[in-house]
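**Student:** Protein sequences appear in the order of chains A and B. Each residue of the first sequence is one higher than the last, beginning at 0 in numbering that gives the first Met the number 0. Each residue of the second sequence is one higher than the last, beginning at 0 in numbering that gives the first Met the number 0.
In short, the hints are calculated from the structure, not lab data. Certain hints may be false.
[Said to hold, decoys possible] Label-pair restraints from in silico Cβ distances:
1. P28(A) to A130(B): 46 to 54 Å
2. D713(A) to A277(B): 19 to 27 Å
3. D713(A) to G143(B): 33 to 41 Å
4. E301(B) to D37(A): 56 to 64 Å
5. G171(B) to I519(A): 44 to 52 Å
Please read these numbers as outputs of a predicted model, since none were measured by experiment. Using N, Cα and C, we set each Cβ at its ideal position, and we do this for glycine too.
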Amino acid sequence: MTLLDNPRATTTDAPTSAINGWAGFTAGPWQHGIDVQDFIQHNYTPFTGDASFLTGATERTLALWARLSEMFPRERALDVDPSTPASITAHAPGCTDQSIEIIVGLQTDAPLKRAIMPFGGWRMVATSLETYGYPVSSELETIFTKYRKTHIDGVFDVYPPAVKRARHSHLITGLPDAYGRGRMIGDYRRVALYGVTALIAAKKLERTALDAQPSTEEIIRSREENAEQVRALKELVQMAAHYGFDVTQPARTATEAVQWLYFAYPGAVKEQNGPAMSFGRNSAFLDIYMERDLAAGILTESQAQELIDDLVIKLRIVRFLRTPEYDQLFSGDPTWVTESLGGIGLDGRNHVVKSAFRFLQTLYNLGPAPEPNLTVLWSDTLPDGFKRFCPQVSIDTSAIQYQSEDLIRAAWGDDAAIACCVSPMGVGKQMQFFGARANVVKALLYAINGGRDELTGEQIAPVTAPLDSDVLDYDTVWAAYLASLEWLAATYVDALNCIHYMHDKYAYERLEMALHDGTILRTMACGIAGLSVAADSLAAIKYATVRPVRDASGLVVDYTIDGDYPAFGNDDDRVDAIAVTIVETFMAMIRQYPAYRNAVHTQSVLTITSNVVYGKKTGNTPDGRRAGAPFAPGANPMNGRDSHGMLASALSVAKLPYSEAQDGISLTNTVVPTGLGRTPAEQVTNLVGLIDAYTLSHGYHLNINVLNRETLEDAMEHTENYPQLTIRVSGYVVNFVRLTREQQRDVISRTFHTSV
Amino acid sequence: MSAVVNLGAHRLGPVKRVTDGPSKADAIRRAMRAASVARASTADDLHQLDLTCAASSAAAATDLHHQELEAIRDGTVASVHSWELVTSVDGPGTRLTYFLSGCLLRCQYCHNPDTWKMRNGALTSMNDVLARIRRYRAVFAATGGGVTLSGGEPLLQPAFVARLFAECHELGVHTTLDTSGYLGASATDELLENADLVLLDVKSGLPDTYREVTGRELAPTIAFGDRLRERGINVWVRFVLVPGLTDAVDNVDAVAEIAARWPNVTRVEMLPFHQMGADTWNRLAIPYPLHGVLPPDAALQERVRAQFRGHGLVTF
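The shape of chain A in the complex, shown without the other chains (with noise of 0.2 Å):
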């Protein structure tokens, strides 16, 4: 049956797109069902040129953006609303300047302002009030610890005493269990293609399956989460009214489709502190309607760069209200608003449209900056002038990742998106259960000193007998590494089974899921932290030789090293196979262990500048590391042990395998801009080269920095000199004046290439 009773869809005129949303646009199946993907194949152009057509910012664009930009320095004293709990509607609109802005719409009643969501946890909203400086509402305190339990003391209330200890000792890290799981990207593009009564009326439909079905307590928990769906679309309807529009009908032009577009995305980001609250794949289906517009001579090509210039100054101004123990984690207040441009169709036409570009020319026209996470899924047979744009803008802003579009594609269909840093998923059809990470690195000493932990002696993990040789053997380390591992994933499962179950009962992801078809693939994305230091640290047990050094109490405090072994990052298979052999071990160990609701079990080895946490937190390696020394990020070697370039460095990531590690594997390198050429073409071409050589490798993700260590160096003293300078940090980008401190040495100290 067809969705929308709606007669004046029709294919053949031109369009008349005042009355009819879907003038103009080729039929297919997408018609007669919720499927976004389905009307991009049918209906958009792929792009082979250069980017020589696009535009510079208007005058109102530049205007618009310095009204913000003037405001950004004040933001340390944030302004935040600390009296009304977010919802959906719970705000009045606001605007930046309303008689400029094209796209409108905002989290709160005004800009950069943000909101309470007490619904996660009651004491992260009070100590991040009290820390900036607001009253705390005693009514809505008496709220939120009395009357309206949250998720996290759901999720205290179920912890077994395993998981609270491996939490404690930091030997499982960051879990989303006292702030939002995020990961997962609401199909905002429904609503401008269909229209939100549409969205109600499938929404409706998959509740009369439900309701067919006998009330188990699956199907209850179905029909409960569904009709929270249909309520949070009526309020985003709602919402839109409240600015003056009426989004219950189907976007009628490009400015609409982009206006309805956003208006979904702060519904998911008002009421939802996710530290991931990622955009999707938007670019083409975007492209479909300025492609209609601009033949249709209602849309220049500098209007449709105005509708993507303000669209993207919205998504640079998200914010949310966070502690800053949680900015010392995941620092630089980051959104991840990932957006993610090209890749290729199933069909083998590629997507990259001219929307693609003009998303990359928003960081020429407006400066570069963190967010949205501009992501380009790559593939060695996109098309020449995107190719080349994409390592220009590297280049230019270093503020753009790089994903292997093969990869994902082959695994997840060619509507994925990523999600965070890089984990993909198809968009509206899947979400994850997100689970921070594991270090590995921990566990592994946990394992030489039977459980006990090197820092504390505390006993964390089951008591084994601790490793008594002079020199550390091999295969008894191995033995040990595994029983360690074996525990540290069943605790690890059970972590994240508490977490879920309780996510979705108290702070339901309404809106997003909304935006989900009713049956979706759920992935449960274990991750892993301290690859490269687990990796090295065995290699140099099996070819160095290591004995350990133990205090009093028998405890191995630290460790001396006679011998050369071979480091993580130099293409040498002995160690790489350890590093690949540890992914490949601890991901089946995680998979015995069922997962809430059937998640399918994934892995991640990506750390985001939570490497620095985690070393601190870690003791000496047999490695040589010394105790609180920050891990390499994400999959990376560690600083200045890949001595042989920095695409060898590359080729030892691209080895681990991503089946065993589908949530996605994360690589930064950062290099001199001289390295990569001695003329602007010349380091295009190398950088193209570099991307291409990478991916046909098998690489999934990488992160470039194009910088001089000067600069850097420079920002961390005269940080007013550096607002805009943006960096990349294992999968996201960060304003770089924003970090700690300590982040900035870390950043600086990691491997400078200067040349690769």
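For this one, chain A is given, so just place chain B on it according to the hints.
**Tutor:** Frame of chain A; chain B shown alone:
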């Protein structure tokens, strides 16, 4: 590949160079040391510089590891300092660059004096090098890169260079030779036949300055460059700009005039001196002559580039 030495995979591993300890490799090194002493006394005679002759006479003298030394003479084994997969600095695209150990020049600004002595390298078999080249064929194809032999001075081990370049061409891999040209006479015609690009380091244009900078003569480099011109081999001329040492207007003009004689030179790369090699000099306890010398400033670099451009040379 008949006489390939098996020195043990770990020892030949490129990541960590061979460590100290009694071994066959040490014996070879002792032999090489003896050979290089013999060479040093007659350094001006290029024939005496031929490692292969020296190595075989050393082998005869010690009667040890005849097979190994035979392999070196054949070029099936090389003394290697290190390898890197680098972009843009050693030729076009991304290149697998092998730095061969051993050099007769003693450039004051040398940034890797640990490559001077052949005995300090790791003995690496042609098969191992070829395995790595095969591994990176896709990289070379994607980046328009290839293999570069650098050093040290690769032409101290000309048989290895010749064999490797021939093997590369069998594989369809682009080859680049990074050399001072001082030992150009050691390069056979067959070697040059398989060299797609030569990075020719003209360290100074005035014979006296050249001698001051390197301790050797300029003439062999010019002779080698002339030979490359005759063969029509693509050449990038390199020149290291050191304030107070190589930056005299006359000296730079002389380099430019030499390069301008060769129509096969497609670019000149002016490399600004840096101090990143100082640590290595200190570590090796070699008195470092350029202590405290600052890198050339932008104005000086531009002046020098302009001198080259004034001779019609494409210069970076």
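**Student:** With reference to the structure, classify each hint as holding or not holding.
**Tutor:** Tested hints:
no.: 1; hint: P28(A) to A130(B): 46 to 54 Å; result: holds, 51 Å
no.: 2; hint: D713(A) to A277(B): 19 to 27 Å; result: holds, 24 Å
no.: 3; hint: D713(A) to G143(B): 33 to 41 Å; result: holds, 35 Å
no.: 4; hint: E301(B) to D37(A): 56 to 64 Å; result: holds, 58 Å
no.: 5; hint: G171(B) to I519(A): 44 to 52 Å; result: holds, 49 Å
Consistency with the previously given hints is maintained throughout, with no hint failing.
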